[in-house]
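Chemist: Next come the chains, spelled out residue by residue.
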Amino acid sequence: DTGVSQNPRHKITKRGQNVTFRCDPISEHNRLYWYRQTLGQGPEFLTYFQNEAQLEKSRLLSDRFSAERPKGSFSTLEIQRTEQGDSAMYLCASSLEGGREQYFGPGTRLTVT
Amino acid sequence: DAKTTQPNSMESNEEEPVHLPCNHSTISGTDYIHWYRQLPSQGPEYVIHGLTSNVNNRMASLAIAEDRKSSTLILHRATLRDAAVYYCILLLTGNQFYFGTGTSLTVIP
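Taken in sequence, the protein lines are chains P and C. Numbering-wise, my numbering puts 62 at position 33 of the first sequence, and it's gapless, one number per residue. Numbering-wise, my numbering puts 927 at position 98 of the second sequence, and it's gapless, one number per residue.
Chain C on its own, in the form it takes in the complex (with noise of 0.2 Å):
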């Protein structure tokens, strides 16, 4: 399986910018990178995703590494409803998601 590697948790106080780490160093050429949160007792919500350039949307903004083996997803104004399990995925052949463990987002107000 294509493995990705995400902080466990992080902090950011409110209406400040956060940058969520990922490291994803076996990527495959072709693979894209999703970003998907999951807020408590939820199913999770789709959030960016990207292949090689940086990707904006509403929601937040994708910076990927030059090498593709790592990508950070911005969120520029965190709000305390932006506070869930942020997942860093890449999307397998056959659709597969491989989702990890996620990176749990606080945020303080």
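If we strip away everything but chain P, and leave its shape as in the complex, we get (with noise of 0.2 Å):
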């Protein structure tokens, strides 16, 4: 079990570039969950997979923000057009379906300048 990976570690750029973050679930883990995390507070939900299937995506942050997990495995999670504000730490977890444990990664830590 290598646990959930995230990468990049960490990403610097420059507003208004667009940037993808890859998360790489445990193996047999179904679900796959995106999280954001400011300074100071605790981890805000973003979106969650099923498979393949977006199961839910209302709580993305604008039309900038965008995942995929195209084959039920890895999973990426793209913003557009960055902006300052989008700065944060970007989580990902997974689980199985039904369990009640999510398995987070380290995360990748984005700063827009």
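In case anyone wonders, no lab produced these hints; they're calculated from the structure. Positions of the beta carbon are idealized from the N, C-alpha and C atoms, including for glycine. Please note: incorrect hints may appear among the correct ones.
As the list claims (entries may be wrong) - If we take Cβ atoms under 10 Å as the criterion, some of the chain C residues that face chain P in the derived model are:
id : residue
1  : Tyr861
2  : His863
3  : Tyr865
4  : Gly872
5  : Glu874
6  : Tyr916
7  : Ile918
8  : Tyr927
To be verified - Some chain P residues well away from chain C (every beta-carbon gap over 10 Å; in silico):
id : residue
9  : Lys43
10 : Arg93
11 : Thr142
Mind docking these for me? Both chains are given alone in their own frames, and the hints should help you get the complex.
Modeler: Below, the structure is given as structure tokens:
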């Protein structure tokens, strides 16, 4: 069990650029979640997938944010036209369907300059 | 959103028990109560969860009030490695976790 991995761990980008983050869940987990965490706050739910289906995306912060999980394995989160307010830690988690325990990755820290 | 309320911070002496409270007065009958913790520079880590009855595992105990409007996470003997932010979370429909701001636990040697 290698756990949930996220790449890159850190990303610095200029305002207006697009960024993409990758999450590799635990291999047998069919649910995958994305969260955003700003300084001093708890993680904020963004979206989640069951296999390749995106079952909840109403919490994505704006239409600049999108997520995919094309083959039901890894997932990507893309932010288009980044803004300074997008600077945050982006966390990914996975779980079994019906499982109550979500396993979190180490996160990708985004800094928008 | 179903909200939880926790103290911003707490302190405990090492090797003493710690009781971390949480209020969740808007909880519905089917909402599970989860606790996660987040060590510095890491993603959150599962601690324990429960519905109605008190629960124990190797990390902690969870005491749930009879009316389910509050719960308490109990660390039986705090160690320095338990210093973290502890989140009391309700699992909403659609598998959405609402984290809140959590309680920052400081363990004093």
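Chemist: Output the indices of the hints that this structure fails to meet, ascending.
Modeler: none
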